[in-house]
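These protein sequences, in sequence, are chains R and C.
So in this note's numbering, spot 199 of the first sequence is number 199, and the numbers just go up one at a time.
So in this note's numbering, spot 232 of the second sequence is number 232, and the numbers just go up one at a time.
Bear in mind the hints are in silico, worked out from the structure with no lab data behind them.
Misleading hints may appear alongside valid ones.
[To be verified] Reference listing, derived: stretches of chain C covered by chain R, where coverage requires no fewer than 3 residues with Cβ under 8 Å from a Cβ of chain R:
# : region
1 : 394-405
2 : 462-474
3 : 477-489
This structure is a prediction, so every number in the text was calculated from the model and none was measured.
All residues carry an ideal CB built from backbone N, CA and C; glycine is no exception.
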Amino acid sequence: MTSDILKDAKKLQTSFIPSGNFKESFKEKEHDKNISIQIHERSVEDEITERTFQDVSLCYQCGKCSAGCPVRYYMDIAPNKVVRLIQLGYYEEALNSDTPWLCAGCLACSVRCPKEFDLARFMDAVREIALEKGVEIKQVNILKFHNAFLDQIKNHGRSYEAGLVADYKMKTLDLFQDVDSAPGMFLKGKLILLPHNIKNRKEIKRIFKKTSGKN
Amino acid sequence: MKIGVFVCHCGENISSTVDCLRVADLCKSYSGVEYSVDYKYMCSDPGQKLIKEAIHKYDLDAIVVGSCSPHMHERTFRNAAVSAGINPFMVEIANLREHCSWVHDEIEASTRKAIELMRMAIEKVKRDKPLTKINVPVTKRVLVIGGGIAGIQAALDTANAGYEVVLVEKEPSIGGHMSQLSETFPTLDCSQCILTPRMVEVHQHPRIKLMTYSEVERVEGFIGNFKVTIRKKARHINEENCSGCGLCITKCPIKKKAYNSFEEDLAFRPAVYVPFPQAIPNIPVIDETVCTYYKTGKCGMCLKVCDREAIDFGQKDTIHVADVGAIIVATGYKLYNIEKKSEDSIYKGYGEYGYGKYRDILDGLQFERIASASGPTSGEIKRPSDGRVPKKLAFIQCVGSRDDSKGISYCSKICCMYTAKQAMLYRHKVHDGEAYIFYMDIRAGGKMYEEFVRRAIEEDKVKYIRGRVSRIYEENGKYIVKGEDTIAGMPVEIDADMVVLATAMIPQDDAGSLARKIGIPYDKYGFFNEAHPKLRPVESTTAGIFLAGACQSPKDIPESVSMASAAASKAIILFANDTLEREPVVAKVNEDICAGCFYCMKVCPFGAVEVKDVKDMNGIVYKEVAYINQGVCQGCGTCTATCLSKSIELAGFNNEEIFAEIAAL
Numbered sequence: 001m002t003s004d005i006l007k008d009a010k011k012l013q014t015s016f017i018p019s020g021n022f023k024e025s026f027k028e029k030e031h032d033k034n035i036s037i038q039i040h041e042r043s044v045e046d047e048i049t050e051r052t053f054q055d056v057s058l059c060y061q062c063g064k065c066s067a068g069c070p071v072r073y074y075m076d077i078a079p080n081k082v083v084r085l086i087q088l089g090y091y092e093e094a095l096n097s098d099t100p101w102l103c104a105g106c107l108a109c110s111v112r113c114p115k116e117f118d119l120a121r122f123m124d125a126v127r128e129i130a131l132e133k134g135v136e137i138k139q140v141n142i143l144k145f146h147n148a149f150l151d152q153i154k155n156h157g158r159s160y161e162a163g164l165v166a167d168y169k170m171k172t173l174d175l176f177q178d179v180d181s182a183p184g185m186f187l188k189g190k191l192i193l194l195p196h197n198i199k200n201r202k203e204i205k206r207i208f209k210k211t212s213g214k215n
Numbered sequence: 001m002k003i004g005v006f007v008c009h010c011g012e013n014i015s016s017t018v019d020c021l022r023v024a025d026l027c028k029s030y031s032g033v034e035y036s037v038d039y040k041y042m043c044s045d046p047g048q049k050l051i052k053e054a055i056h057k058y059d060l061d062a063i064v065v066g067s068c069s070p071h072m073h074e075r076t077f078r079n080a081a082v083s084a085g086i087n088p089f090m091v092e093i094a095n096l097r098e099h100c101s102w103v104h105d106e107i108e109a110s111t112r113k114a115i116e117l118m119r120m121a122i123e124k125v126k127r128d129k130p131l132t133k134i135n136v137p138v139t140k141r142v143l144v145i146g147g148g149i150a151g152i153q154a155a156l157d158t159a160n161a162g163y164e165v166v167l168v169e170k171e172p173s174i175g176g177h178m179s180q181l182s183e184t185f186p187t188l189d190c191s192q193c194i195l196t197p198r199m200v201e202v203h204q205h206p207r208i209k210l211m212t213y214s215e216v217e218r219v220e221g222f223i224g225n226f227k228v229t230i231r232k233k234a235r236h237i238n239e240e241n242c243s244g245c246g247l248c249i250t251k252c253p254i255k256k257k258a259y260n261s262f263e264e265d266l267a268f269r270p271a272v273y274v275p276f277p278q279a280i281p282n283i284p285v286i287d288e289t290v291c292t293y294y295k296t297g298k299c300g301m302c303l304k305v306c307d308r309e310a311i312d313f314g315q316k317d318t319i320h321v322a323d324v325g326a327i328i329v330a331t332g333y334k335l336y337n338i339e340k341k342s343e344d345s346i347y348k349g350y351g352e353y354g355y356g357k358y359r360d361i362l363d364g365l366q367f368e369r370i371a372s373a374s375g376p377t378s379g380e381i382k383r384p385s386d387g388r389v390p391k392k393l394a395f396i397q398c399v400g401s402r403d404d405s406k407g408i409s410y411c412s413k414i415c416c417m418y419t420a421k422q423a424m425l426y427r428h429k430v431h432d433g434e435a436y437i438f439y440m441d442i443r444a445g446g447k448m449y450e451e452f453v454r455r456a457i458e459e460d461k462v463k464y465i466r467g468r469v470s471r472i473y474e475e476n477g478k479y480i481v482k483g484e485d486t487i488a489g490m491p492v493e494i495d496a497d498m499v500v501l502a503t504a505m506i507p508q509d510d511a512g513s514l515a516r517k518i519g520i521p522y523d524k525y526g527f528f529n530e531a532h533p534k535l536r537p538v539e540s541t542t543a544g545i546f547l548a549g550a551c552q553s554p555k556d557i558p559e560s561v562s563m564a565s566a567a568a569s570k571a572i573i574l575f576a577n578d579t580l581e582r583e584p585v586v587a588k589v590n591e592d593i594c595a596g597c598f599y600c601m602k603v604c605p606f607g608a609v610e611v612k613d614v615k616d617m618n619g620i621v622y623k624e625v626a627y628i629n630q631g632v633c634q635g636c637g638t639c640t641a642t643c644l645s646k647s648i649e650l651a652g653f654n655n656e657e658i659f660a661e662i663a664a665l
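The shape of chain R in the complex, shown without the other chains (with noise of 0.2 Å):
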């Protein structure tokens, strides 16, 4: 992890840069909501590099990422923008894109990244810390795609798509979205009705309650 006098110096960086009423307008979100919140002494970067084990400032802006990511297109920014803003210190620019959400984690980044930066690990803590600092969600089906998926891994052990398919569409209420492609999934096994569940679903249900500090 990043030594003391890292975190001074970046603590310094961040100081200079313009970032905002940032973190006034967190407290007040934090605190209508009610949500755990750590001390905010560290920076959104510091946070980064505790949970993805690597300096957000190994980044030279190649742009290779984006060169090669498959859902650019759909991106309001690129994601090498995503890391310079970060390391710019303009975290609510960065948590506020909907380019994280729409990460696939496909890791063709990560795996062609001249530094081998882990990017896809990055945009995991990017999402991670946005909903944990409760900003609004713009992709909010995303969202709503990953917790279902994260349900179905609760409930079941193992994945079950018969049911994330029910849970998404309860989530979203658009219940014919992609319906022509569900026979054909079907037909080839894609879709399994009933779920397969692993035998010990109560360590699942364990892990999931230590981890999310949640029911």
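Using the hints provided, position chain C relative to the given structure of chain R.
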């Protein structure tokens, strides 16, 4: 013995934490100390004068100076002592600055430590013996390894200064990578036109002995006295008989079995060949691996057509020995390739660019050959796969370079410039073609370099896109280059007809093994290390071995040439005297008690230990002992510490002196 003690304040560097006056006063009380004084700047002119006057006035035999590190001013004080008539090795330095005042802040304790340090030095100086410098003769001949532009320049400069040169080149011709280039930045003058006159000059120079198709096998000896063993590989052509008519080459029936490495594998060559028409020497080589004669014993077409009886199928490698005084290493570079690498390689290939399976994805040198008037396409830009003229060309910089994931962290330095040049050449030759350059940064530091890049953009309308390319794949005969313009923040996709990769410069494959043969250090990539990055950039850490060109780090032509001239001048400086003066701090074996175990030989990092026969009165050898060559010994003391019978002593640091120092503590 009368000893003088001089304590320096070093401005406030020492005196701020050491009470120099007290140190000097106390030293007076030690036995043998005749005179003791402190002064603000002992290294200054008045300070040195103080020392000299004291030596004369008190008739001193030895002096101790309490000052900065001996690295800094030992030489200064020794010179002062010499000018006052004392042997320079009767001067001892107590390091009161780096070892005491700089690292402590309490005055009382550091003063006590300073006194201890002074007492140690006084005890040592009492036992010091006057030493005289060793003179070794100098062989005034230079070995230049590598016949590229750096080696050629170094050889010419040394030869023109009046010294003999042996130039060893492993390829059949000198010229190196520069002979492959089409035009050179930033002036766009033809590379061959400026290089070939130099090559001819080397060939015709009366003091240069040119050994092409040869490799250095072994280097023994030391500065001024190297003995070099060179293997001259069999050309299977008698060099004296051959007139270079080239008839054997045109008649050779083997046309398409071997790739032409000079053309970067873009063309074939016969089994008997010269690398390129302007080759020096213009004598062919028979490639045993493809020649039919060596496989079946038949053919012999070249033998039949040669009317000068120059073909010699039975020729063997020959070994030559040269005595030289200095070595200039100029082995140059090669280009990293994007092919898949083996597990143990420090490099990794570019799977995302196709691992080199696409024929129209070239590297920089291949494009140079295609753009060269003497190249396989006679200077017309054509695709190697189908010979069509590419209408859209993508250049990609930093391929391999600055890419930690592929194993190369450094910048190859020349790619920004040659990519701009190549794009310019393409636009000059294909007027309706589009050139795109993907770059990360443009590093155009050099005279007229930035202007050159701007010219490519402003006059030749080359499109620069800032961003690394993520992937290249083939689709309908086009190469889809997927990039991102990080300035515009927009994805970019180009359907190029041809792609040129500016791949990294890496050392030659055998750089490491050559470095071990001649005894010079190299970095993790295989680039040779200079003695000091700023103040001794052309010297290796081994005395008498100098570096020139891209074997030390990536370099362009002007830099290689200036480094070569600098290396040549270093060799010439070495030759200015008939003998070399060396520090007498060398190890010496007491032959009476040496047991002949030769552990010292194993540990000596400089190969200074030899076997010496000890003979009786009748000349019969009765034992073997170790002998240390004083010219090679660097005085490191490793053998002294290793010797089991305590029969090796290092002059200036013998056991008596060291033990007296310790006992004084």
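Query raised in the report: Among the hints numbered above, which are violated by the structure, and what are their numbers in rising order?
Result: Hints that this structure does not satisfy do not exist here, as all of them hold.
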